[in-house]
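Colleague: Residues per chain, in single letters:
There are 2 protein chains.
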Amino acid sequence: MKIAETPKAPYFAVIFTIVAGKIDEEDAGMSDQMAKLAHEQEGFLGMEAASGDLGIIVSYWNSLEAIQKWRQNSEHQVAQKAGKSGVFAAFKIRICKVERDYGFGM
Amino acid sequence: MKIAETPKAPYFAVIFTIVAGKIDEEDAGMSDQMAKLAHEQEGFLGMEAASGDLGIIVSYWNSLEAIQKWRQNSEHQVAQKAGKSGVFAAFKIRICKVERDYGFGM
Chain A
2 MKIAETPKAP YFAVIFTIVA GKIDEEDAGM SDQMAKLAHE QEGFLGMEAA
52 SGDLGIIVSY WNSLEAIQKW RQNSEHQVAQ KAGKSGVFAA FKIRICKVER
102 DYGFGM
Chain B
2 MKIAETPKAP YFAVIFTIVA GKIDEEDAGM SDQMAKLAHE QEGFLGMEAA
52 SGDLGIIVSY WNSLEAIQKW RQNSEHQVAQ KAGKSGVFAA FKIRICKVER
102 DYGFGM
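Residue numbers (our numbering), protein chains in the order written: chain A, 2 to 107; chain B, 2 to 107.
So that you can see chain A by itself, here it is in the shape it has in the complex (with noise of 0.2 Å):
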């Protein structure tokens, strides 16, 4: 996984943090289908994600709008299972606007 080519700020951003209960295999499977709805959306920009005790996957987007219409197409569905499976312990959602932005080496 790269660091995600963004566009220049603002943009918007979608931090989801999740405390992991009994990881397997429809975890990772949640996950996936989270990534392939989010870059089938339109006004996705990119994807960033790393796990340890807490996973983090961080989304980026060109309008509250787009990120609105992916929480529609995706996330009703992935957070109905995770409740019925107890995949998730906990988790939190956050949407920001992106308002600067640097980096190196990329």
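If you are wondering where the hints come from, they were derived from the structure by calculation, not from laboratory data.
Be aware that one or more of the hints could be misleading.
Ranges of calculated distance between the beta carbons of each label pair, as one might list FRET restraints [as the list claims (entries may be wrong)]:
#1 Asn74/A - Lys70/B: 34 to 44 Å
#2 Gly104/B - Lys37/A: 20 to 30 Å
#3 Gly104/B - Gln73/A: 14 to 24 Å
#4 Asn74/B - Glu43/A: 32 to 42 Å
Derived lysine-lysine pairs resembling BS3-like cross-links, with alpha carbons at most 30 Å apart [unchecked claim]:
#5 Lys98/B - Lys37/A
#6 Lys98/B - Lys98/A
#7 Lys98/B - Lys70/A
#8 Lys70/A - Lys3/A
#9 Lys9/A - Lys70/B
#10 Lys3/B - Lys3/A
#11 Lys3/B - Lys37/A
Think of the CB as a built atom: it goes at the ideal place given N, C-alpha and C, for glycine as much as any other residue.
Based on these hints, arrange chain B on the given structure of chain A.
Modeller: Chain B in isolation, oriented as in the chain A frame:
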């Protein structure tokens, strides 16, 4: 590590994404140093981190001024060291305003 206990939005986030070069003790030491400096900084709200192919460190702050002070105190030192030692092959820092959040199970 737990999900950061942040106040009612709006507040601010710094998303720090890293592609590691050679990972060694110095790398771990620098992350510890950045975290330590953040915790000591006025306006710091919490931090979440995970690492795989990418490392992602998200810190939360009550103002842009607090972020600016943290950067002045720590990032410059850290980046200089990183540049010299080749620890980070690439990194991106995104300064964000968290406009809305919600979660489950925290």
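Colleague: A separate judgement is required for each hint: does it hold in the structure or not?
Modeller: Consistency of the hints with the structure:
Between Asn74/A and Lys70/B the Cβ separation comes to about 40 Å, which falls inside the hinted range of 34 to 44 Å. At about 23 Å, the CB distance of Gly104/B to Lys37/A agrees with the hint of 20 to 30 Å. Distance hint check for Gly104/B and Gln73/A: the Cβ-Cβ separation is about 18 Å, which falls inside the suggested range of 14 to 24 Å. With their beta carbons about 41 Å apart, Asn74/B and Glu43/A fall inside the hinted range of 32 to 42 Å.
Between the alpha carbons of Lys98/B and Lys37/A the distance comes to roughly 26 Å, so the proposed pair stays at or under 30 Å and holds. At most 30 Å may separate the alpha-carbon atoms for a hinted pair to count; Lys98/B and Lys98/A meet this at roughly 5 Å. Between Lys98/B and Lys70/A the CA atoms are separated by roughly 21 Å; this keeps the pair inside 30 Å, and the hint holds. Annotation: proposed proximity of Lys70/A to Lys3/A holds, straight-line Cα distance about 25 Å (limit 30 Å).
Under the criterion of a C-alpha separation no larger than 30 Å, the hint pairing Lys9/A with Lys70/B is consistent with the structure, at around 24 Å. Distance restraint check for Lys3/B and Lys3/A: the Cα-Cα separation of roughly 25 Å lies within the 30 Å cut-off, and the hinted pair is therefore satisfied. Proximity of Lys3/B to Lys37/A is assessed by CA-CA distance (about 27 Å); at most 30 Å being required, the pair is judged to hold.
In terms of the numbered hints stated before, the structure departs from none.
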